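Taken in sequence, the protein lines are chains L and X.
Using the numbering used here, the first residue of the first sequence is number 1, and each one after it goes up by one.
Using the numbering used here, the first residue of the second sequence is number 117, and each one after it goes up by one.
Derived by calculation from the structure, the hints in this document are not laboratory data.
Only a predicted model underlies this, so the values are computations on that prediction, with no experimental measurement involved.
Beta carbons are placed, not taken as given, at the ideal position from N, Cα and C, and that holds for glycine.
Errors might be hidden in some of the hints.
Unchecked claim - Not close to chain X: a few residues of chain L, all C-beta gaps over 10 Å, as computed:
(1) V12
(2) S73
(3) S114
Claimed, not checked - Derived CB-CB ranges, DEER-like:
(4) L:I5 to X:A117: 32 to 40 Å
(5) X:K186 to L:E18: 29 to 37 Å
(6) L:E44 to X:T143: 16 to 24 Å
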Amino acid sequence: DAGVIQSPRHEVTEMGQEVTLRCKPISGHNSLFWYRQTMMRGLELLIYFNNNVPIDDSGMPEDRFSAKMPNASFSTLKIQPSEPRDSAVYFCASSLSTGQGFEKLFFGSGTQLSVL
Amino acid sequence: AQTVTQSQPEMSVQEAETVTLSCTYDTSESDYYLFWYKQPPSRQMILVIRQEAYKQQNATENRFSVNFQKAAKSFSLKISDSQLGDAAMYFCAYRSASGSNYQLIWGAGTKLIIKP
Numbered sequence: 001d002a003g004v005i006q007s008p009r010h011e012v013t014e015m016g017q018e019v020t021l022r023c024k025p026i027s028g029h030n031s032l033f034w035y036r037q038t039m040m041r042g043l044e045l046l047i048y049f050n051n052n053v054p055i056d057d058s059g060m061p062e063d064r065f066s067a068k069m070p071n072a073s074f075s076t077l078k079i080q081p082s083e084p085r086d087s088a089v090y091f092c093a094s095s096l097s098t099g100q101g102f103e104k105l106f107f108g109s110g111t112q113l114s115v116l
Numbered sequence: 117a118q119t120v121t122q123s124q125p126e127m128s129v130q131e132a133e134t135v136t137l138s139c140t141y142d143t144s145e146s147d148y149y150l151f152w153y154k155q156p157p158s159r160q161m162i163l164v165i166r167q168e169a170y171k172q173q174n175a176t177e178n179r180f181s182v183n184f185q186k187a188a189k190s191f192s193l194k195i196s197d198s199q200l201g202d203a204a205m206y207f208c209a210y211r212s213a214s215g216s217n218y219q220l221i222w223g224a225g226t227k228l229i230i231k232p
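Looking at chain L on its own, in the form it has when it is part of the complex (with noise of 0.2 Å):
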């Protein structure tokens, strides 16, 4: 299995543009999180999809960000307007999850964005 693969590995754009990221889980789990790490905050868990459906996204920080989970082999973030401060690593990881949760989280190798 090829991992969670997600795109572009890395983002500079200006501020004011629309970002879009992308990830591909791996086939068979049905689990998706999107999750930001920046050096002051850490990892943040920014929403969390099961069998497609978005079940919290509690921790999306803005109506500037969305995603979306068109089937169970695609996942897109997106940033409309994108603004300095959401310069940041994106990662997106897939599990299997079973009635007693996920055992294991499989991450894919992010995306840097920085936006200037």
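Following the hints, put chain X in place on chain L, whose structure we already have.
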């Protein structure tokens, strides 16, 4: 609310020696999972080892082992025969065993430096 504390921002060890990274947590729950994740310079978060709280036996994965002290709420990671490739940030994380609970509570991380 649960918390995870890693009190060592940085640790260094000579190659081939043993190092122990500390992690303490606070919870009122009796059943939960604990994890150690490694984040090398490549950025990807990699699961190192996992411990179920109901298991008394400490988890081991090759050169990596944990010392799980449930009463003391301590979960340290021991790396034996340290290798240059072990250099990374190490994060301790907690998750409730409740099936509906998908939140990972993260520590701030410990940077491990391997001296050749």
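Query - Hint numbers contradicted by this structure - result: The structure breaks only hint 5.
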